[in-house]
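Q: So you can see what is in the structure, the chains are spelled out below.
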Amino acid sequence: MLTTFAIVTDGLVYAAYLFIVAIGLTLIFGVMKILNVAHGSFYTFGAYGAATAVGIYFDRGLPDAGGFLLMVLLAMALGLVIGLVLERGIMRFVYGKDEVVMVLVTYAVFLILEDVVILIWGARSYSAYQPLLSAGNIEVGNLILSNYDLGLIVFAALLAVASYAALKFTRYGRLLTVVIYDRETAAAFGVNVTVVYTVTFVIGAMLGTLGGAIMAPKIAVTLGIGVEVIVLAFAVVAIGGMGSIEGALVGALIVGLCRAAAVHLAPQIELFVIYGVMALVLVIRPYGLFVRAQPRRI
Amino acid sequence: MAAPGRITAVVAFLAAAAAGTVLPGWIISLATIAFANGLVVLGLIVMWRAGLVSFGQALYYCIGAYAVSLTGRWLGITDAFLLVLIGGVSAALVSFLVGFLLARYREIFFAMLSLALSMILYGVLVKTESLGSTDGFGVIVPTFFGYAPHQEAFLLALYWLVLAVCAIAALLVDAYFRSLAGALAVPLRDNELRVEFLGMSVSRLIHTKLVIAGALAGIGGALAAFAIGHVDPNMSYWTTSGEFVFITILAGAGSVSAAFIGSLVFEAVRSFAYAVLPQLWQMLLGSVLLLTILFLPQGLGSLITRMRWRRNAEAP
Amino acid sequence: MLVRGSWVSCARILLPFSFFGIAITTAQAQTAAPPAATVKLGIVSFLTGPAAAPFGIPGRNGAEIMIEAMNAGSVPAPFNKVGLGGSKIEAKYIDETGSAANVVTEFRNLVQRDQVDAVVGYVSSGSCLAVTPVAEELKALTVLYDCGTPRIFEEKPRSYVFRVSPHATMDNVAAARYLLAKKSNVTSFSGINQNYAWGQDSWRDFLGAMQVLAPKIAVDKVLFPKLFAGEYGAEISTLLTSSSQVLHTSFYDGDLEAFLYQEQARALDKRMTMIATTGEAAIWRLRDKMPDGTIIGGRGPHGPLAVDSELNRWFQKVYSDRYSIPPTYPAYQMAMSMLGLKLAYEKAKKGDAKPTTDEVAAAFKGIEFDGPSGHVKLAIGDGHQGISETAYGTYRFNKEKNAPEIVDIIRFPAECVNPPAGVNADDWIKDGMKGAKC
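Chains as they are written, first to last, in my numbering: chain A, 1 to 298; chain B, 299 to 614; chain C, 615 to 1052.
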């Protein structure tokens, strides 16, 4: 009984982590058809930014919630700046090229940004644990849950709802959806696709840095944290279907719960879980779970 | 490749082989590894022409490498030619089986599924403590039809073996490209449905290309295992596949020789970056890649193709 | 016409080759062969990636500070000769990051292109295993400073590869002994280790040692999360449902920190005492976030676990003055390796001529000396592998001094926690650790 409860909560926490990390990626892919490897860099910058913010704010006797807010704001500001610089400076010169070449451009950008991190913050590691530890915990039977983790679940849920609502109900969201469906027709209808691309990329970047900032209190902020995240985000997006927010959510939930179950019940297979789930889903649904009907060109 | 192109390639290979007698050991070693990787890249080019990019070639690369080292260790076989053959056949066999599943996928899902499969092998090898887990284990020093060279002589012998295998592979793949199945790659990329209407089996074509690429990657892995002297599960990790794709884009899908030249240039640039900027080499590598994509979008191979066009245009 | 065309396109095909050649020669020109008055060393460690901050950078810093001090002749006696035997040291620092192919290629570059006299380095056991046969083939003197696998000298006898630092078996055997000495009422223990060779080997050694020394103590949860997973919620939940009093972990810096933050947020530290076999490297960063009562190891008697000595005080001072943080065990390991090399070099040097690699190797074999980490002797691995005593202690954050402290230190003699010469580490533990002199 307790184990089931533990599996569910652990699964939800991990799913929240995956979803927050994957949503920016799926958005950029859905709209611009770019598989953005530099998403790992956004995550990294968000985490380092959060660590810097925490370093500035905490231990001064100010209320803890303010520190969290500062962290989030600084991360999103970083995302805005980086997103703009990258999109205007590099990405717009390579639109229209082969999809794989685009992936490689983002990979090159990722490599460069990894070293930019070293240039700005050096090779040492940072910590941002204060929000995590000050949030406290609650006891449920023998199990103790961290309030920060529970907050993560709530945050991810809100993010899912907000992005879904934004896409469906705001004018701009609907423009984005149109471009996701068919770029050419959207342009023919007078949608300024260039601006849409820029805005999407920047939003995707901000979501990426936000993911890094939110996770920073739980981890050690050091070199290489972006690499692990890339593959996780890709896997979740592949499972859910490209460009689909619902897909990313469902994908994250499936992987999160499966992994939690594996750790508790069958730790031997924990290493394979995410790839096994991805392979399984792709075998059954070759285009991911939530796929849009694509017109077939003859 | 037209006749002049083939002569050029043969001359280049002979020059490279001859150069091996005068170049220092570290260049020969670097070139050996680069050419072995070039084989994997050649396989990727075969697939890229048909519009498929695999992020899981590391699977076959690793299988080739482990097949060679395990056979050497458990069965005591040391002959290089036999071992490389075993490596290639094992990888080809696996790609044949896997191809039944993989041939149905396209684009990014093909990439992700191939990635997943290589990561599953990685996980299996990491959990296998008897094979050293992530530390891997050493590869026996091979012999060449009974000839057992040491040190510099071995380095040279291996270099020539790799060059010979690359030359044969290049000629065979070039012949494939000029055959019907190979020529159908580009139509396949553009519009599969029409190719079906022409009466060709799309899935069989793609399956064939997968097996060719798998075999090439396996042979490349086997040769690399000899060149490095050590195998570990990292050979199946997605970043290894990513590196091969990186070189493929750098080289471009235009010509067969581009695979090897691209691989050589990549190794050279990377070594150069390590030596010059020990902590910031990633930035150098990333910048080189970015500049290549921006100014040579068809890859280095386009340099060669452009020269050929120019020469053909000159001739009245 | 055809022939001329072929010649022209030949030249054009060879263009990339010449670009390649230029790149190589430029690199070589920058690193031309040194005059006989200097000794050239290649120092390899992680300068990028997750292993940089905890191991690679402290190792590199340790090398840098030692080389500077040696060149100035300011190392306390008996190491006060300038450089190596009077020749100044020139160092080239290389990143260890990359696949086995990269590591091997860069090693060959150091030895053949840059013509270094010796290579000191390597954190990852995988790198060490890949580089060792190449070092033997090229007859290049190599000193491995940090990697932990005992396999290097157990698989085959070596001539040119040495390791001053003891291997990782010592850490986990000593952990077991310390645990049993300090917490004799333990009934059950669990383990969380990274799912790769280092974590697997650490757990196997610890489990084996516990089964020999205290077979009645039960093992509960055995967890192997992915390396660099960063998120340990499910693992912590599993441990919260366990009845173990002790948790063994070989986690290091990034993962260790993440795990500690997450487990303290959920009060796991109140239920289970942790044994962190590499914890010493993290205490200066974690400070009061390392739970009091954690059993701390440092891969040997380094840092606060070291015996007080003039050399130790000197090393701590020069390192802290330069890098604003006290040296952790990778820095100590590098310092010990450099000093071992220096001693061997000076022992082999006769007159003014530079000693050959074979002479230095012969002098290095079986060498024994005292460094900042105390006494070390290359007693096993046919005189190529060092053994030393080790120490474990309990962590406490001293609130008055606002500084980390390790107390209740127990020292274990070298022969107690290292296998005897000629015996494989794994076999030694399985057979009940015969011959251990404690």
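FYI, nobody ran anything at the bench for these hints, they're computed from the structure. If you're wondering where the values come from, they're calculated on a predicted model, not measured in any experiment. The reader is advised that the hints may include incorrect statements.
With a cut-off of at most 27 Å between alpha-carbon atoms, the simulated DSS-like pairs for lysine-lysine come out as follows [to be verified]:
#1 K168(A) to K33(A)
#2 K770(C) to K425(B)
#3 K903(C) to K654(C)
#4 K903(C) to K797(C)
#5 K796(C) to K961(C)
#6 K835(C) to K425(B)
#7 K706(C) to K979(C)
#8 K884(C) to K425(B)
#9 K884(C) to K903(C)
#10 K425(B) to K903(C)
#11 K1051(C) to K706(C)
#12 K695(C) to K1044(C)
Q: Are K425(B) and K903(C) close enough, with their CA atoms no more than 27 Å apart?
A: violated, 32 Å
Q: Given the proposed pairing of K835(C) with K425(B), does the C-alpha separation stay at or below 27 Å?
A: holds, 17 Å
Q: For the pair supplied as a hint, K884(C) and K903(C), is the alpha-carbon distance within the 27 Å limit?
A: At roughly 13 Å apart (the allowed maximum being 27 Å), K903(C) and K884(C) satisfy the hint.
Q: Does K979(C) lie within 27 Å of K706(C) when you go C-alpha to C-alpha?
A: holds, 25 Å
Q: If you draw a straight line from the CA of K903(C) to the CA of K797(C), is it 27 Å or shorter?
A: Given pair K903(C), K797(C) holds - Cα atoms ~23 Å apart, limit 27 Å.
Q: Given the hinted pair K695(C) and K1044(C), is their Cα-Cα distance within 27 Å?
A: violated, 45 Å
Q: Hinted pair, alpha-carbon criterion (27 Å max): K1051(C), K706(C). Please report holds or violated.
A: violated, 41 Å
Q: Take the C-alpha atoms of K168(A) and K33(A), compute the straight-line distance between them, and say whether it is at most 27 Å.
A: holds, 20 Å
Q: Are the Cα positions of K796(C) and K961(C) separated by 27 Å at most?
A: violated, 43 Å
Q: Assess, step by step, whether the Cα of K903(C) is no farther than 27 Å from the Cα of K654(C), and give holds or violated.
A: violated, 42 Å
Q: Are the Cα atoms of K770(C) and K425(B) separated by 27 Å or less?
A: With Cα atoms ~25 Å apart, K770(C) and K425(B) stay inside 27 Å; holds.
Q: K884(C) and K425(B): Cα distance at most 27 Å?
A: violated, 32 Å
When each numbered hint is compared with the structure, violations occur for hints 3, 5, 8, 10, 11 and 12.
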